[in-house]
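Q: Spelled out from the first residue to the last, the chains are:
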Amino acid sequence: MNFDMTEDRQMLSETLSRFLADRYDWETRNRVAYTAPYTDAGRWSELAGLGIPGALVPEEQGGFGGTGFDISVVFEALGRALCPEPFLPTLLASRALEAVGKDQTGLVDGSIRYAVGISEIDAPYDLAGMATCARANGAGFSLSGRKTAVYGAQVADRILIAALLDGKPAVFEIDPRAAGITPYGMIDGGGAAEVLLDGTPAVLLARDAGALLNSVIRAGRLALCAEAVGAMQFAYELLLDYLKTRRQFGVAIGSFQALQHRTVDLLTEIEQARSITIAAADALDGPDGDLKAAMAKNLIGRAARLVAEETIQMSGGIGMTWEYAGSHYSKRLVMIDHQLGDTDDCLEEVMQSYAA
Amino acid sequence: MDLRFTQQELAFQQEVRDFLNASLPEHICAAVRSGAELPRTVLQEWHEILGRKGWLGTTWPKEYGGPGWTPVERYLFDVECNRACAPRIVPFGPSMLGPVIQNFGTREQKDSILPRILSGEDWWAQGYSEPGAGSDLASLKTRAERDGDHYVVNGQKTWTTLGQHANKIFCLVRTKKEGKPQEGISFLMMDIPSQGLEVRPIRLIEGGYEVNEVFLDNVRVPVSNLVGEENKGWTIAKFLLSHERTNIAGVGISMQALEEVKSLARRMIRKGKPLIEDPLFAARIARVEIDLEAMKITNLRMLYQAQKQGHPGPETSILKIKGTQVNQELRDLARRALGPVAAPFPGTITEANLMFGPLNSEANAATYFNNRKTSIFGGSNEIQRNILTKAMLGL
Ligand SMILES: Cc1cc2nc3c(=O)[nH]c(=O)nc-3n(C[C@H](O)[C@H](O)[C@H](O)COP(=O)(O)OP(=O)(O)OC[C@H]3O[C@@H](n4cnc5c(N)ncnc54)[C@H](O)[C@@H]3O)c2cc1C
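As you go down the protein sequences, you meet chains A and B in turn.
Counted from 1, the first sequence has number 22 at position 22 by full-length UniProt numbering; the numbering is strictly sequential.
Counted from 1, the second sequence has number 372 at position 372 by full-length UniProt numbering; the numbering is strictly sequential.
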């Protein structure tokens, strides 16, 4: 057994963290996170230059990573810095392109930006109930429907869309200029868009793509879990610092046992979250991959909400302010539950695994 | 025991309903329903409507122009207002300063201040907290020094809710340095604007501006603006806090939020079925509904007790803790029910006609984050537990 990171991954983690600390300082983060287009083109290229998208892509596809542990190293560092750049859509797209054997050079060097539209208002977290559908027209296809909260779609060059073809989920590629894109910012920073499809021309990438899309969702869930672990760890450290410095009744508030025990509970939950994320990373492409990812996302949903709410509460009024970094961590931690399957959704998947 | 309201109470409830039907303007309900921050004009309009009816100072006795309601009547009024989507009354003048002036004010103060609160003319803000004095209010440092018939005030207040709308502020200030920290505090009223007084907005987690910092730099305040005796402000502060805690359970707000959650869960679809039929989600709603049902009775039991003994006891802390837990849980469920469409930052959706399905859901996550405040302000839930430990456990 060995819980040490390989040297390569350690280096990747350090390089990314250093870049974020130097070039993506807190002021930059907040400006980018809350101002359209919610990404910084220059820094995006620099991150690509550092090989961050490449770390999410296997060697055969032009990258140098792509395993569960590569994904979690990258997203934990992004989470720690609360970086709003759209790496999640990049990962999702890479998994889809990999499955259909499509060239990923542009994705790896950062010159082509992808987004992936799966969620719909009435089918937010999975493929059941999806209504967007494809129709063959001559040589190609056209899509109709609406994809909701498509992260990164506000700046995407290409969008991959899950749609029904002959009653089964399939994957298409569209040119965003041919669709109706309504961009907006997220409450926790970063950007997304509604993608309205009305006879939008599309290229078919994969038919009968249920398994493919599941593998996309699974990798995305792992990434979100790792991001949450990074963010929780940082929020916890901020809180600890606050408990040691904030004085009321003539003492540091950290000396109140009522706060001490709760902070220890947070520590416990964060360690649990870290462990289940490691389990999910390890299992990513094995037979238990879906189950472990669902388990991880459920536990993260609970732990992240607890950390978010408790760090606000124990920081008093300060925890409620925009000025305080911790409040932005809290927002991200809570809203992670709204992406690719929430606590209940993932719990249900674990429950379903009990059926023979 | 008989849990039914008396004939009189039922008649009162009907009277409130009739009034709300006739007098609450539709544009005001719509603004409340949207969940967005209410502009001053909307709050002011509602205050004036209530003021004309004599229903603004809900805790005031008849002799001062109040309705003279019992605690149970106040409860019924609150619930009905929430049900009708009326704005919450901004409490600082009507529910806080009003009773203080009635109990501690001079004749002149009563005559000059109370009518202007009732008409909605004056907007008061509460200047208790300071950067270094939150839970430990008695450690406040803002100084007021006597200079002839004026006090000269220096220091800083913070977290002043709606201070940007207010034209008056009541503050706790230090008038004596020696002795126990509670002993040298006075209760002083000031005008906004005053020379040397500056209000600066603080942005909250969800992006809104409802609290402020107040800087006091040699602000000259007439001695006649002192309420009660110099250095005896702590008694007033505590009296006011007990008034801050009336109707603290927020039963009406939570009943309204429960309806909203159910209605959202009926309209959102998951796997081809309404979310409300999802057993996991339904269980979450059921659990909080059960808590709310119990809390309604707990609240009424405590109101009944308060009515019998003439004042609320430390049990109000139980209501604050449970009330905020139930409210926050409901806000959590409303956010979750929406799934990914709860996530947009309010105001960034540029196409006005692009609403999320039948729901104008934009404000939901923002409301959830904003409502984290309820377990922090007015004495945090930890402080409420400390109060209960002292008052009820004998430990
Ligand atoms: C949105 C908002 C609106 C407000 N409006 C007003 C207003 O209009 N006027 C006004 O005067 N004030 C207002 N307040 C201030 C509010 O009353 C204080 O924020 C509150 O009393 C907590 O003080 P603090 O923020 O300094 O936190 P602290 O007192 O620093 O507390 C930090 C944490 O430590 C905990 N803690 C502190 N002491 C103890 C203890 N002895 N045992 C256990 N735990 C403890 C607290 O519960 C909290 O979790 C407002 C606050 C907010 C957030």
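By construction, these hints were calculated from the structure, which means they are not laboratory data.
Hints should not be assumed to be uniformly reliable.
[What the hints assert, rightly or not] Cut-off 20 Å, straight-line C-alpha distance, at most; resulting in silico cross-link-like pairs (EDC-like, lysine to aspartate or glutamate):
| id | chain 1 | residue 1 | chain 2 | residue 2 |
| --- | --- | --- | --- | --- |
| 1 | B | Lys-271 | A | Glu-59 |
| 2 | B | Lys-271 | A | Glu-348 |
| 3 | B | Lys-271 | A | Glu-349 |
| 4 | B | Lys-271 | A | Asp-166 |
[Said to hold, decoys possible] Non-contacting residues of chain A with respect to chain B, defined by C-beta distances greater than 12 Å in every case (computed):
| id | residue |
| --- | --- |
| 5 | Arg-18 |
| 6 | Glu-60 |
| 7 | Ala-123 |
| 8 | Ile-187 |
| 9 | Arg-247 |
| 10 | Gly-326 |
| 11 | Leu-347 |
These numbers were taken from a predicted model, which means no experiment stands behind them.
Note that the Cβ used here is the ideal one computed from N, Cα and C, for glycine as well.
Q: Against each hint, give a clear statement of whether it holds in the structure.
A: Verification of the supplied hints:
1. Lys-271(B) <-> Glu-59(A): Since the Cα atoms of Lys-271(B) and Glu-59(A) sit roughly 37 Å apart, the hinted pair is violated (cutoff 20 Å).
2. Lys-271(B) <-> Glu-348(A): holds (12 Å)
3. Lys-271(B) <-> Glu-349(A): holds (13 Å)
4. Lys-271(B) <-> Asp-166(A): holds (19 Å)
5. Arg-18: Non-interface label on Arg-18(A) holds, nearest chain B Cβ at 29 Å vs cutoff 12 Å.
6. Glu-60: Per Cβ check, Glu-60(A) is outside 12 Å of chain B; nearest 33 Å; holds.
7. Ala-123: violated (7 Å)
8. Ile-187: Per Cβ check, Ile-187(A) is inside 12 Å of chain B; nearest 5 Å; violated.
9. Arg-247: At about 8 Å from chain B, Arg-247(A) fails to clear the 12 Å cut-off, so the statement is violated.
10. Gly-326: Since the minimum Cβ distance to chain B is about 9 Å, Gly-326(A) lies within 12 Å and the statement is violated.
11. Leu-347: violated (6 Å)
Hints 1, 7, 8, 9, 10, 11 from the earlier list are contradicted by this structure; the remaining hints agree with it.
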